[in-house]
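A.B. asks: Please build the complete structure, drawing on both the sequences and the hints.
Protein chains: 2
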Amino acid sequence: MTNQPCPPEALQDLRRSIDNIDAALVAMLAERFRCTKAVGALKALYKLPPADPARETQQIARLRQLAEDAHLDPDFAEKFLNFIIHEVIRHHEAIALESASPASSTP
Amino acid sequence: MTNQPCPPEALQDLRRSIDNIDAALVAMLAERFRCTKAVGALKALYKLPPADPARETQQIARLRQLAEDAHLDPDFAEKFLNFIIHEVIRHHEAIALESASPASSTP
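Just so you know, the protein sequences line up as chains Y and E, in that order.
Here the numbering used here is used: position 86 in the first sequence is 86, and no number is missing along the way.
Here the numbering used here is used: position 14 in the second sequence is 14, and no number is missing along the way.
Among the hints, a few may not be true.
Treat identical chains as interchangeable: a pair holds within one or across any two.
As the list claims (entries may be wrong) - Cut-off 20 Å, straight-line C-alpha distance, at most; resulting in silico cross-link-like pairs (EDC-like, lysine to aspartate or glutamate):
hint	residue 1	residue 2
1	LYS37	GLU68
2	LYS79	GLU98
3	LYS37	GLU93
4	LYS47	GLU31
Bear in mind the hints are in silico, worked out from the structure with no lab data behind them.
This one's a predicted model, so the numbers in the text were calculated from it and none came from an experiment.
C.D. replies: Written out as C-alpha cells, the structure reads:
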C-alpha cells in the first residue's frame with residue numbers, strides 16, 4: 001500500500017469531482033424543467049393531454065441506448081427518466097389546472 | 001394566435017432541446033457513477049461504512065442552495081439526490097460484499 005494516497009485525501013479528491021458533477025446535473029435539470037414547463041404551457045393551450053405514452057416509449061428506448069454507450073446501467077437510466085417524467089407530469093397537471101380555472105384565486 | 005407556431009412544430013423544437021439535455025444528463029450520471037464506484041472501492045479497502053450521513057447532509061444543503069439559485073424546486077433537487085444516493089449505496093454494498101468474499105465465484 002505504498003504510494004497509495006490515504007483514504008481521506010483520495011476520498012476528498014473524488015468528492016470534489018462529484019460535487020462539480022452535481023452542480024452540472026442541477027443546472028441541466030433546471031434547464032430541462034424550463035423546457036418541459038414550456039411544453040406544459042403549450043399542451044394546456046392546445047388542450048393536449050399531460051402524458052404522452054408514445055413519446056415516453058421513444059425516450060426510454062433512446063436513454064437506455066445512451067446509457068449502454070456510456071457504461072451506465074440502462075435499468076437505472078430508465079428509473080431515472082421515469083422519476084423525472086413523474087415530476088414533469090405533476091407540473092403539467094398543475095399548469096392545466098391553473099389555465100382551466102384562471103379566476104380561481106379571485107373568488 | 002397569429003405568429004404562434006403550430007403546436008407540433010413548437011413541441012418538436014422543445015423536445016429536441018429536452019433530448020439534448022437528457023443525453024448530457026446520462027453522460028454526467030455515468031461520470032458520477034465512475035467517481036462513486038471509485039469511492040466505493042476505497043471505502044471497501046479501508047473498511048469504511050457505505051453510507052456517510054454527515055457528507056449526505058452537506059450534499060443536500062449544497063444541492064438545495066444550487067437548486068434555488070437555478071430556480072429549480074429545492075425539494076425536487078433533494079429527492080433527486082436521495083434517488084441517486086440510494087443507488088450509490090446499493091453499489092457500495094455490492095462492492096463491499098465482493099471484496100469481503102473474493103472467492104465466492106470459485107466454489
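A.B. asks: Each hint should be assessed against the structure and marked as holding or not.
C.D. replies: Each hint tested on the structure:
no., hint, in the structure
1, LYS37 to GLU68, "between (29 Å within a copy, 17 Å between copies)"
2, LYS79 to GLU98, "neither (29 Å within a copy, 25 Å between copies)"
3, LYS37 to GLU93, "within (11 Å within a copy, 38 Å between copies)"
4, LYS47 to GLU31, "neither (24 Å within a copy, 39 Å between copies)"
When each numbered hint is compared with the structure, violations occur for hints 2, 4.
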